[in-house]
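Peer 1: Next come the chains, spelled out residue by residue.
2 protein chains.
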Amino acid sequence: MVKFTEINSKTLHEYREMLLKRYEDFKSQKLKYDMSRGKPCQEQLDLSMGMMDITDYKSCDGIDCRNYGGLDGIPEAKQLFAELLEANPDEVIIGGNSALNMIYDTIARAMAFGVLGSEIPWGKLPKVKFLCPSPGYDRHFAICELFGIEMIVVDMNSDGPDIDAIEKIAGDDETVKGIICVPKYSNPDGITYSDVVVDRLANMKTKAKDFRIFWDNAYTVHHLFGKGDRLKNILMACKDAGNEDRVFIYASTSKISFPGAGVSAMAASKENINSIKKKLSVQMIGPDKMNQLRHVRFFKNMENIEEHMRKHADILEPKFLAVLDTLSAELGGKEIAWWNKPNGGYFISLNTLDGCAKEVVEMTAEAGVLMTPAGATFPYGKDPRNRNIRIAPSLPSLDELKKAMEIFCICIQIASINKLLLEK
Amino acid sequence: MVKFTEINSKTLHEYREMLLKRYEDFKSQKLKYDMSRGKPCQEQLDLSMGMMDITDYKSCDGIDCRNYGGLDGIPEAKQLFAELLEANPDEVIIGGNSALNMIYDTIARAMAFGVLGSEIPWGKLPKVKFLCPSPGYDRHFAICELFGIEMIVVDMNSDGPDIDAIEKIAGDDETVKGIICVPKYSNPDGITYSDVVVDRLANMKTKAKDFRIFWDNAYTVHHLFGKGDRLKNILMACKDAGNEDRVFIYASTSKISFPGAGVSAMAASKENINSIKKKLSVQMIGPDKMNQLRHVRFFKNMENIEEHMRKHADILEPKFLAVLDTLSAELGGKEIAWWNKPNGGYFISLNTLDGCAKEVVEMTAEAGVLMTPAGATFPYGKDPRNRNIRIAPSLPSLDELKKAMEIFCICIQIASINKLLLEK
Numbered sequence: 001m002v003k004f005t006e007i008n009s010k011t012l013h014e015y016r017e018m019l020l021k022r023y024e025d026f027k028s029q030k031l032k033y034d035m036s037r038g039k040p041c042q043e044q045l046d047l048s049m050g051m052m053d054i055t056d057y058k059s060c061d062g063i064d065c066r067n068y069g070g071l072d073g074i075p076e077a078k079q080l081f082a083e084l085l086e087a088n089p090d091e092v093i094i095g096g097n098s099a100l101n102m103i104y105d106t107i108a109r110a111m112a113f114g115v116l117g118s119e120i121p122w123g124k125l126p127k128v129k130f131l132c133p134s135p136g137y138d139r140h141f142a143i144c145e146l147f148g149i150e151m152i153v154v155d156m157n158s159d160g161p162d163i164d165a166i167e168k169i170a171g172d173d174e175t176v177k178g179i180i181c182v183p184k185y186s187n188p189d190g191i192t193y194s195d196v197v198v199d200r201l202a203n204m205k206t207k208a209k210d211f212r213i214f215w216d217n218a219y220t221v222h223h224l225f226g227k228g229d230r231l232k233n234i235l236m237a238c239k240d241a242g243n244e245d246r247v248f249i250y251a252s253t254s255k256i257s258f259p260g261a262g263v264s265a266m267a268a269s270k271e272n273i274n275s276i277k278k279k280l281s282v283q284m285i286g287p288d289k290m291n292q293l294r295h296v297r298f299f300k301n302m303e304n305i306e307e308h309m310r311k312h313a314d315i316l317e318p319k320f321l322a323v324l325d326t327l328s329a330e331l332g333g334k335e336i337a338w339w340n341k342p343n344g345g346y347f348i349s350l351n352t353l354d355g356c357a358k359e360v361v362e363m364t365a366e367a368g369v370l371m372t373p374a375g376a377t378f379p380y381g382k383d384p385r386n387r388n389i390r391i392a393p394s395l396p397s398l399d400e401l402k403k404a405m406e407i408f409c410i411c412i413q414i415a416s417i418n419k420l421l422l423e424k
Numbered sequence: 001m002v003k004f005t006e007i008n009s010k011t012l013h014e015y016r017e018m019l020l021k022r023y024e025d026f027k028s029q030k031l032k033y034d035m036s037r038g039k040p041c042q043e044q045l046d047l048s049m050g051m052m053d054i055t056d057y058k059s060c061d062g063i064d065c066r067n068y069g070g071l072d073g074i075p076e077a078k079q080l081f082a083e084l085l086e087a088n089p090d091e092v093i094i095g096g097n098s099a100l101n102m103i104y105d106t107i108a109r110a111m112a113f114g115v116l117g118s119e120i121p122w123g124k125l126p127k128v129k130f131l132c133p134s135p136g137y138d139r140h141f142a143i144c145e146l147f148g149i150e151m152i153v154v155d156m157n158s159d160g161p162d163i164d165a166i167e168k169i170a171g172d173d174e175t176v177k178g179i180i181c182v183p184k185y186s187n188p189d190g191i192t193y194s195d196v197v198v199d200r201l202a203n204m205k206t207k208a209k210d211f212r213i214f215w216d217n218a219y220t221v222h223h224l225f226g227k228g229d230r231l232k233n234i235l236m237a238c239k240d241a242g243n244e245d246r247v248f249i250y251a252s253t254s255k256i257s258f259p260g261a262g263v264s265a266m267a268a269s270k271e272n273i274n275s276i277k278k279k280l281s282v283q284m285i286g287p288d289k290m291n292q293l294r295h296v297r298f299f300k301n302m303e304n305i306e307e308h309m310r311k312h313a314d315i316l317e318p319k320f321l322a323v324l325d326t327l328s329a330e331l332g333g334k335e336i337a338w339w340n341k342p343n344g345g346y347f348i349s350l351n352t353l354d355g356c357a358k359e360v361v362e363m364t365a366e367a368g369v370l371m372t373p374a375g376a377t378f379p380y381g382k383d384p385r386n387r388n389i390r391i392a393p394s395l396p397s398l399d400e401l402k403k404a405m406e407i408f409c410i411c412i413q414i415a416s417i418n419k420l421l422l423e424k
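In order, the protein sequences belong to chains A and B. Each residue of the first sequence is one higher than the one before, starting from 1 at the first, in my numbering. Each residue of the second sequence is one higher than the one before, starting from 1 at the first, in my numbering.
Because identical chains cannot be distinguished in the list, a pair is counted as satisfied if it fits within a single copy or across any two copies.
Mimicking SDA-like on lysine to any residue, the simulated pairs with C-alpha atoms at most 25 Å apart in a straight line are:
1) Lys-58 <-> Arg-297
2) Lys-403 <-> Glu-317
3) Lys-207 <-> Gly-171
4) Lys-277 <-> Gly-62
5) Lys-58 <-> Ser-394
6) Lys-39 <-> Cys-60
7) Lys-124 <-> Phe-113
Honestly, the hints are just simulated from the structure, not real lab data.
Could you build all of it, start to finish, from the sequences and the hints given here?
Peer 2: What follows is the structure in structure tokens.
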């Protein structure tokens, strides 16, 4: 393919005419596809329906899961999630159906009461800042924004966030209380943090004594191609570094079993867990134990979870390949868009030419394909270069996906030509 | 029976000897009964097992309940809970498995962000106070204490809390931001607020413009004897008074279906609901929709819920009667203890002679019967007269209950004699 920058204006005009015709043609079909969120498709949800047959209600220690109690989860759920989170059962708290909700709760408690070792609740401080590797997860940024936590954009490199910048900022500024990130198959870049990045996060000096890493390990077993990436155990790394209270780790079965009816969990040092449980005992009596039991009886152990995830991958792999193939076929070599090929997770992250993302997403929406809003992958919804777009291939069918991506690629080309012609 | 105050010291000594013999006899049996919490018994939990057979996952509007979405609940759950809460479906938010957790969340949000109409987050004010009708629910008080909300004890009368006092304090003091209470079959007194009390709460002038009533209607359909009490609709009363944003109403199926795996909900004015939903959309994606569907499919409508509650009453009524009978037989006429006969709810509230409650609960515990700690029914765990004890008859079997109450009555008599002899 020819680089767009090397094509003359006349040819660009003609090419745009042709693209606009294709675009109008799609528009007239009044399509309605949703690629805005990392939402599993029905086929994936069907994989876990066996769980619905479980009507048992006694946990291994004889507790009636229908009744009150079990603040931090039933023993077998803590055991299973300890394996998933790579921690000990007494370093685990089981939550409701959402890890995001657990993250919100942890931050809300930190604002109201501080964390273990805080001298003052974060909400009583004149300023609290978080490091936010970006592009990142919009819902993380929304929580920070709601609590008035100032977000500092940290660039993403191919091995994780810019660790030099993180060390410098966290080391210099005591108002920087945390970092919030998806360390494996990052949302949206699909990047897994390297061992070096994990170790430096665990070992770095932080000016704030109560600095916390919010480690949203949402895609820990969500491989797409082959064996998948390996992420170094940060709780262990923090212990080795003598900073065992530094990290809060989160995961859930939202994209293992059911997004609307899964089980979430967090892991942290025993000291952290005990400190949280004291507050938690006022907040609630305990999350849904029947759903914990349902999950434990269905999955039983990590091997079964891994096998179950291969079935998810069987459904998702062709979808990701379809996106990647269409991107290559339509945009390859044109030097107007760059994208990653993730080994897992739920997204493909694409960068357009600077300044084109918003236009692309708007045009795509007008043709009936809903993408994540441009800018959403950055704090405050502001992508400084207006170029990043998150592609979520999981929900549409393969046929819909191919069509949607064709439209998307047409829009990228039109927006790129618009920009290039303006600059000529 | 003879009043204890009219018995001479010698006879009291002899009677105490006899009671201590009975006490030691029970103690040697090494019993282990739990009457500390309002926990349903297994027979009650079995009533809802039909719910486990429901494997449907489509809501009435075609939403796949297994997937993400549904911040405020599926339409049919909102409809059913609107009836339970006596509100419109658009005045309802469905929660997770715990109304207590929804109350905590509402207060946590009020502290962090204020409520609709707040000029400043409550947590940024130098002082926030709540009116706390007492005896009351210990977990309400624990939430207030955690957030540093100063609790003002309001006495309970037979028709609800001392409304004169409430009007005066709420009308005079702008740091008084709310009242938290169980208005029907109150915990622990079993009192249902009269229409006059409800109306005066809805109509009273409050110095704080953003005053809120936290109306924990936990026992709205939890009748024990006969038709049960009727509670005036406070949302309607607030609307009639032009104070429609004043009240937050909570309920759950914890004591209808499963305490550990039920569904909770709150109701409030549409303005309140919209204001809450804005924050909630950052807090979570949505509570467990599969469990909502399970509940709606199983209960279908309010009539079935009422019928289901009669089955609960069939199990609970004999237990409450056993407690009441034992209390009458052992303590009647002695003028050392006074208790209520509730028409519903989960508790019988008993007052000993001033200063005896702690001793009674400790003695009872030593004989293997765990009661709610004395003082727990008051803010900060401090019963100013050290006399109130909450009896929770639901969990033990009828035989266990009779034995437990016999022990309890022995302890009350011993503690009373100890007190009377000291005073002689």
